[in-house]
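Residue numbers (the numbering used here), protein chains in the order written: chain A, 1 to 365; chain P, 366 to 738.
No wet-lab data here; the hints were simulated from the structure. Take these hints with a grain of salt, some might be off.
Under 10 Å between C-beta atoms, here's a sample of chain P residues computed to sit facing chain A [said to hold, decoys possible]: (1) Gly377; (2) Trp385; (3) Ser411; (4) Ile418; (5) Ile425.
Each residue gets a CB set at the ideal place from its N, CA and C atoms; glycine is no exception.
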Amino acid sequence: MLGISEIFEMFKNNMVNIPLIQPIIDALMNIPLVNYVVALVLWKPFFAIAILPGLGGIMLVLLLMVYWERKLTARIQWRVGPLEVFRPLRGLIQPMADGFRYFFQEVIVHVDAHRPYFVQLPILTFIPVLLPILFIPAGEIVAIRSPYAIQIIVALIALIPITIIGIGWASNSRFAYIGSVREAMMYFAYEVPFVIAVLAMILMYGSGDPYVIVEKQSVPGIIMNPIAFLVFFIATLMATSRLPFEIPEADQEIAFGPFVEYSGILFGIVMTLAYEKLYIMCLLMSILFFGGWSGFAIPLLGDLSPVIWLFVKAVVVMLIVALTRSIYPRFRLDQALRMGWTSMLAVSLVSLAVALAIRLSGWLG
Amino acid sequence: MDSRSIQVVRSGVLAPIKKWGTKWSLWPVHLVTACCGAELAHAFASGYDGERIGALNYGIARQTNLIIVEGAITRKMARVLRITWEQMPEPRFVIVMGACGLKGGLFWNGYHLVKPSDVVPVEYFIPGCPPTPEGLLRGIRSLQEKIWEGKNRNSIDFNKIELARKEIERRIPTPPKIIARNPFIKVDVPKDVDWAFGNRLVNELKEGLGNLVERITITGKNRICIRVNPKNLQRVAVKLKDKFDHVKSVNVIDVPYDNTFIVEYVVSSYSNRELMPVLVTIATKISKKNPKLPSLHSYWVSADYLEREMQDLFGVTFEGNPWGNRKFLLAPDTPDYPLRKDFKLEEEVYARDEATEGSKNEEQKQEQGGDKE
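Pulled out of the complex, with its shape left as it was, chain P reads as follows (with noise of 0.2 Å):
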């Protein structure tokens, strides 16, 4: 079934005129969104060159007929095909270059792809990772055609081969019988390590941190993790922040099962060259409903902007800390808490011009339903 725009030019007296001056006019805007980019420069670049068919590269959608979407075509990108699309005037055509515009190529199943098919009618498909020059021209060439003959041509014939096939009974695999009940989380598993100077450092914190702290434990070689209570944590944060001058990060774990955060500050030291390459973790348990907790920055300067990350992905709160509720990474008007295990992202959903495919009855319930979107 031909699309709209081939209709368009191929319809009325003058198509003849309509027909010819279209199929050698076809320019090109590039919707570059991968590596598919570099092969259609090589092809309009002095090897190949493009502009022989008639094909000069344009930046602007509104007086061209011809988009190439090269790559893959994201929930984001796909706002941005459509609305070049929707530029354009008509007669306009879609080629899409390239795996992944195809079916996802390297990103296949992927939660944040689009087919560009499903936003935009597309004409043709040039197959490849990434196609050759001589694929995309040849794929230019056959849209001339299409729009010369009003049909795809197909210019290469495979030879069909029978092929004997031997029923197997497939067999569904089932399901792991053992689920966990109970999944635990464990931030401070022990593990013997043969380290001298990790020893004497824990019974050093130890001494030093008294009955602040519930557990100190060697997690591996150089690896040391305190597990606190989060009423002392500023408090533990007084005592380690002569010996530990910044804080390396910021994590939070999500423990569903439990409706409990688990704040990670992992701190180490820049000055004294023994403890260089340590890095000790310090674990606090808060409860989800009301996840805050005393900000550390006014100990460690360096915590300030990744505890506003963990406020921008998990929505924990860090009491004190100067840049407050806003959004610090992520844009204003994203979800809210991406990073929690039940944040669920919205379905979103493109107008596709259905027009092209089936009859003409469909063709304006598909228009209609398209205006309200």
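This is chain A alone, in the form it adopts within the complex (with noise of 0.2 Å):
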């Protein structure tokens, strides 16, 4: 049996180090049970999850790509976008707003759905958002240290969809019902060619641990292998409903689909299932192709440098991703799934002799 001072010294000899708050932590922790919690908040498995990369971090990304994403449409319509919330931020705000409307507004749950499912599973998709959360590490702020974290991210990814096919299910309604088979079909159209892509990657550095991944990227994997990145690129698009491929949830077609009959909370809720997909397939594009959290140490942030550097690296991936939102129209469902079944099956099946070639060359040892 551990006890609580055995668990203290534990999360206390394996805490973040940031330089520029150390004072204020330092003065922290001489204060009687604030400094377990501080020592629980900096514990480095801990933060991992709860503050950056995880779920502060996810946080962070929702209000600032919803807001991105309007802004950025409505400036590619030569139009103003969000503003008059708050004028010296120009609108940055606004996802707040919205994000407090749907708080406050009353939850329907109509008498034909799966009541216990139909408001369980908003909540349990978090389980496999997260999860994969636990494997990212960013420089020694890691959660689990596996040599097999990639191909384990890539598991637990393939387990979102079977979470919204559930949602759509215990909707029993026809749109939801439409936009479920949707679903499931998109998924098979990117999830071959994507598991392909990240496969051609793992062979190409020889190992399925990041730490191995960055380290050997002197180049970034982009320029390594960039067949590989179109791949991966178009397969994330395709997995988080991104526009082009925006085709579960279609909302002038089907009424978004599966989550047709949400409202309220829960709505708010799901909606942001496919960002925050989004945010964890970019913290994975940035691992295997932008050199993850390598980038010059700021000494004053120390251990949490190369975290903001992963940060960084995902969102600005993400920025991009939201630019083909507002410039592309939407694919045909068989289109969508010719293409992932042809061309992209075909194109990840050149990455993968590319990375081979790379492999037997001797390039990276």
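Assemble the dimeric complex from its two separately framed chains, guided by the hints.
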């Protein structure tokens, strides 16, 4: 049995070291009871899940992405976008207003719905969304260190569509049903090329361990194997229902597909699902293709510096992905399926060949 | 008096956050029934950009909180409006734009019109035909103000002018005294026209048809009317079908005082150049109690659909028409024979959420009433 003092010692020995706020932490650590909380929060595994790149990062990204998407679309259409809500920040807190509004709206559970699943599933979806974060390291801050981290992340990401299909099924409405079937179809379209592209990168680096992968990227992965990046990028768009492949949700045709019956805070939760998935895939993308957390160290931030690098890289990728929403029309389901099973599959196989060639040439050792 | 939605937003400990969130996040789902939709599109496009004030157009009622009704609401659309409104989660608001939604506008006093305010509680009306985009955005801004301050704010104070008014004794106009005791509907009024070919044609027809017909008259230039007994209708058609190759229209006239229908077949020709402009009306009178007539679709194919339509609207049975007694153009649940003179439209009643107006007791009463509905 571990005593409280032993657990406290364990937290204390593995804390995030940030020189910038070290005096404040030292002062807080001298206060009884508060020091337990501070030690827990700054304990590296907890910090990784709850603050950065975990839940805190997701919240930040949600606020930023919704605003960025609306603003970017508005600018492309020669409009201003959200502005009046808070003029000094050019309407940056618009998503917060929308969030509050959703939070305080009535939640309607219609008669036909399967009540327990309808209410539980949006919350249960956080499990497959948050589990991959356990395995995403950022420098020294990591929850679970594993030599098979990349494979595990890919496997866990594949769980998310199942909850979406469950949501559609519990809604018991025709649009939700069509949306669920579309989601399942899209899952088949992107999953195989996506896995092959990731496998190509693992084969190229010779390991599924993010630390090895980041170490070997003296040249970023996107330059070494751009074809795999192409497949990964398109698969990301498909997996997160971004606009060229916004087929399961398609609000003009099937009124938000699986989510059509949700209202109030439950809709707020399910709407963010795609963004959370996008965030995780972008973290994975920046580890595989953009050198992960490598970047020049900022001495003042200490352990936080690599986390910031990883976060910034992921966010930049997300901002670029948001652009596709405002400039592309939507593919039909059959077009997306055909694309997934013909050209994307072929290109992913080519990327596998490229990875094999790099591996055999002995460039990466 | 505040509507229930406004009260919902403005009550409780967290009212400031609720108010702020709802104020800046009014996402309209718009119900376009008329041209105001173009103005709404304009208001949210690059010129005026309604998204500046946080209003994002959205297609699905379940996830939004504002309906903008654009244009006249007919009886059919009233049901749609009510369903859309009921799908929305509280708090929910309705803005009606345009003169049609306000008082009926162009369709004022129309038998098919319903005022949106009879169907759902409306927060703001935006007058105009159509209102400008500025007007619409001002409506949304006013709703924001109302959510924030809890009361309507009058931004315009009109000057009051005392008008001296001279009392005039009003005289109610007397109703017309002469009422025809036996209103007469006549389909073949003869008319003198300078039409030599017509006279020749009438003579030809008289020779050909003999005593099958009751009367053949020229009712105008290029217009001939043949009055037939229903028994002889098919025989007349057999004789005419070589000369005239198609039916232009089939009409039924309801003659209420006589309890009869007058059925008209208007036939003409596409193959003979001289006969092309000529319209020959074959008119026959049948009883209203048992309105049956042999179908002419085997002589003129084009009569088929027209007969089906008359069967729909007047209930005249054309014996031998392959369609039978089913509804052809009308929806299956339409009440029978809407174009007969004695047809009465059913009064429709819409549940109106009166809770928004009046005291709390009334509110409960109205709610119970609404549940029954």
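Let me know if the C-beta of glycine 377/P comes in closer than 10 Å to any C-beta of chain A, holds or violated. Since the shortest Cβ distance to chain A is 9 Å, the answer is holds.
Taking the closest Cβ pair, is isoleucine 425/P under 10 Å from chain A? Holds. Min distance 5 Å.
Holds or violated: is there a CB of chain A closer than 10 Å to the CB of isoleucine 418/P? At 5 Å from the nearest chain A Cβ, isoleucine 418/P passes the 10 Å test, so the hint holds.
With chain A as the partner, please determine if serine 411/P meets the hint condition of a C-beta pair closer than 10 Å. holds, 4 Å
Take the shortest C-beta to C-beta distance between tryptophan 385/P and chain A; is it under 10 Å? Because about 7 Å separates tryptophan 385/P from the closest Cβ in chain A, which is inside the 10 Å limit, the hint holds.
The structure fails none of the hints (numbered hints given earlier).
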